[in-house]
Amino acid sequence: MIDGRVVSPSTGATLPVEDPATGEIFAQIPAGSPEDIDRAVRAARASFTAGTWSRADPAHRGRVLWAFARAIRDEAEALAWLETRDSGKPIAEARADIVGTAEILEYYAGLASQVFGQTTRVPGNSFATVIREPAGVVGQITPWNFPLYVGAWKFAPALCSGCSVVLKPSELTSLTMLAAAELALAAGVPPGVFNVVCGTGAEAGAPLAEHRDVDVLAFTGGAVTGRKVLHARADRLRPTQLELGGKSPNIVFDDADLERASAGAAFGIFYNQGENCNAGSRLLVQAGIYERFVARLVERAQAIRVLPPLDERSQMGALISAAHLRKVAGYVDVGILEGATLLCGGPPPAEGHFTRGHWYLPTVLADVKPEHRVFQEEIFGPVVTVTKFTEDDEAIALANATEFGLAAGAWTSSVQRALRCSQELQSGYVWINNYNPTPVEVPFGGVKSSGFGRDCGPQAVDTYTTWKTVLWALSPFDDWYKQ
Numbered sequence: 001m002i003d004g005r006v007v008s009p010s011t012g013a014t015l016p017v018e019d020p021a022t023g024e025i026f027a028q029i030p031a032g033s034p035e036d037i038d039r040a041v042r043a044a045r046a047s048f049t050a051g052t053w054s055r056a057d058p059a060h061r062g063r064v065l066w067a068f069a070r071a072i073r074d075e076a077e078a079l080a081w082l083e084t085r086d087s088g089k090p091i092a093e094a095r096a097d098i099v100g101t102a103e104i105l106e107y108y109a110g111l112a113s114q115v116f117g118q119t120t121r122v123p124g125n126s127f128a129t130v131i132r133e134p135a136g137v138v139g140q141i142t143p144w145n146f147p148l149y150v151g152a153w154k155f156a157p158a159l160c161s162g163c164s165v166v167l168k169p170s171e172l173t174s175l176t177m178l179a180a181a182e183l184a185l186a187a188g189v190p191p192g193v194f195n196v197v198c199g200t201g202a203e204a205g206a207p208l209a210e211h212r213d214v215d216v217l218a219f220t221g222g223a224v225t226g227r228k229v230l231h232a233r234a235d236r237l238r239p240t241q242l243e244l245g246g247k248s249p250n251i252v253f254d255d256a257d258l259e260r261a262s263a264g265a266a267f268g269i270f271y272n273q274g275e276n277c278n279a280g281s282r283l284l285v286q287a288g289i290y291e292r293f294v295a296r297l298v299e300r301a302q303a304i305r306v307l308p309p310l311d312e313r314s315q316m317g318a319l320i321s322a323a324h325l326r327k328v329a330g331y332v333d334v335g336i337l338e339g340a341t342l343l344c345g346g347p348p349p350a351e352g353h354f355t356r357g358h359w360y361l362p363t364v365l366a367d368v369k370p371e372h373r374v375f376q377e378e379i380f381g382p383v384v385t386v387t388k389f390t391e392d393d394e395a396i397a398l399a400n401a402t403e404f405g406l407a408a409g410a411w412t413s414s415v416q417r418a419l420r421c422s423q424e425l426q427s428g429y430v431w432i433n434n435y436n437p438t439p440v441e442v443p444f445g446g447v448k449s450s451g452f453g454r455d456c457g458p459q460a461v462d463t464y465t466t467w468k469t470v471l472w473a474l475s476p477f478d479d480w481y482k483q
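Under our numbering, the letters of the sequence shown match residues 1 to 483, in that order.
If you are wondering where the hints come from, they were derived from the structure by calculation, not from laboratory data. Each residue gets a CB set at the ideal place from its N, CA and C atoms; glycine is no exception. Take the hints with a grain of salt, since some may be wrong.
Stated by the list, open to error - Distance ranges between label pairs, derived from CB positions:
1. T200 x R227: 33 to 41 Å
2. A401 x T469: 37 to 45 Å
3. E391 x R55: 53 to 61 Å
4. R373 x T200: 22 to 30 Å
5. L471 x A13: 51 to 59 Å
6. K228 x R373: 21 to 29 Å
7. P58 x R313: 28 to 36 Å
8. Q118 x T390: 50 to 58 Å
Stated by the list, open to error - Derived pair list, reagent style BS3-like, types lysine-lysine, alpha-carbon separation capped at 30 Å:
9. K448 x K327
10. K228 x K388
11. K448 x K388
12. K369 x K448
13. K327 x K369
14. K369 x K388
15. K388 x K327
16. K228 x K327
Produce the entire structure from the sequences given, and follow the hints as far as they go.
Laid out in structure tokens, this is it:
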């Protein structure tokens, strides 16, 4: 979708779309090229300069975003079906993603008229107006794990702010973003304001990150690629927002409600097949409850229904690709070699629906040490490591003992422990007696190697706006050089 039109890629090439649950190729998407990225950026620049969106009344932008949200809700079932076929996640989770996308648009529709500047008196019989302006042309590169939902974390605040967008979805999961671009156009987003270019990272992502006419670049993905994006942007000294990987700790203290904590721990890691940047992949469990808690967690993991994603009973689907399955399985093998104990999970038996597609069972690795790779490195699959601790100080130290700082959780009935965790955990997001909810009303993002800048909340608008100060003299100019 470039300049309000569905167009063929400049090379005419396409990429296959695979159903992760079956391995079936069921569609083709355009394989965008550097020429297509340039065409989209030029369309975005022309629309921004024309002012049909960038200088539109904020209330008008809000009404259009409300219409966009209604269109998403009207097409929710069809979009959820596409998301499930494309990503392998259960249909119930895909439905939640689509409804969540509409809610994100509704939030930023309401915020459009609330992006305020300020006016203040300053010395010299003057006053100043401080104006918030749209940043310009925004490039966005979005991930495959929550294709439309996390995509909306980026395009909704950018559109709310008056920017023009060029978005490159993951080549593994592009279908719902292409559909959303058509719905945006029908809802009243002007041509050239919301452009979507599919393609690989090398042929479309890198050219977008490197493009000299992109004012702001926002990226969600792995830390390795994030570093490449930042290097590409450094030459132009332009703003970049990065939401990168995580290796999030989930601490269970001995005063926690074990039923609630074990349910939250399972949801924290196995939701979306563990393909979640903020997954609670490192469980830290206090010694006095370790055996009881781990036994309950294993029971919960083994009870999860790993079924074809379109089956309404499915609670966990397939991994995104054969390559990703090999990566996840490889990490489990490494963990066992390092001394971890496999309590449940691993590859499923080669029977029934497991004979096709990319499947892996909910997996629990116990006796994991801080020096193990599975403790330090992001697996991005349904694999949780369990590490025992004795004292609270040790739990905090273990939680902070990785390069990442995206999210963290703590389960306790002690207000003092909860407050300490909220203050001392080196994470951009902390859950207390909960795990995984990410309401749009509050910012999401990390520290350390998990990136910088924020999605969601009013803070996301900071990425897509700039400040301009205008100083007004109320009295005649005093000539500094007068004789």
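Between L471 and A13, does the beta-carbon spacing fit 51 to 59 Å?
Given range 51 to 59 Å: holds, Cβ gap about 53 Å.
Can the restraint linking K228 and K388 be considered satisfied, given a maximum Cα separation of 30 Å?
Cα-Cα ~36 Å, so violated.
Taking 53 to 61 Å as the hint, is the beta-carbon distance of E391 and R55 inside that range?
59 Å, holds
Return holds or violated for the Cβ distance of T200 and R227 against the range 33 to 41 Å.
18 Å, violated
Does the structure keep K448 and K327 at a Cα separation of 30 Å or less?
Within the cut-off at roughly 24 Å; holds.
Are the Cα atoms of K448 and K388 separated by 30 Å or less?
24 Å, holds
Compare the distance between the alpha carbons of K369 and K448 with 30 Å, and conclude whether the hinted pair is satisfied.
22 Å, holds
Pair hint outcome, K228 versus K327 [Cα-Cα no greater than 30 Å]:
21 Å, holds
In this structure, is the beta-carbon distance linking A401 and T469 contained in 37 to 45 Å?
At 43 Å between Cβs, range holds.
Please work out if K369 and K388 have their alpha carbons no farther apart than 30 Å.
It holds: about 9 Å lies between the C-alpha atoms, which stays within 30 Å.
Determine whether the Cβ-Cβ distance between Q118 and T390 falls within the hinted range of 50 to 58 Å.
51 Å, holds
So does P58 sit 28 to 36 Å from R313, Cβ to Cβ?
45 Å, violated
Comparing the model with each numbered hint stated earlier shows that hints 1, 7, 10 do not hold.
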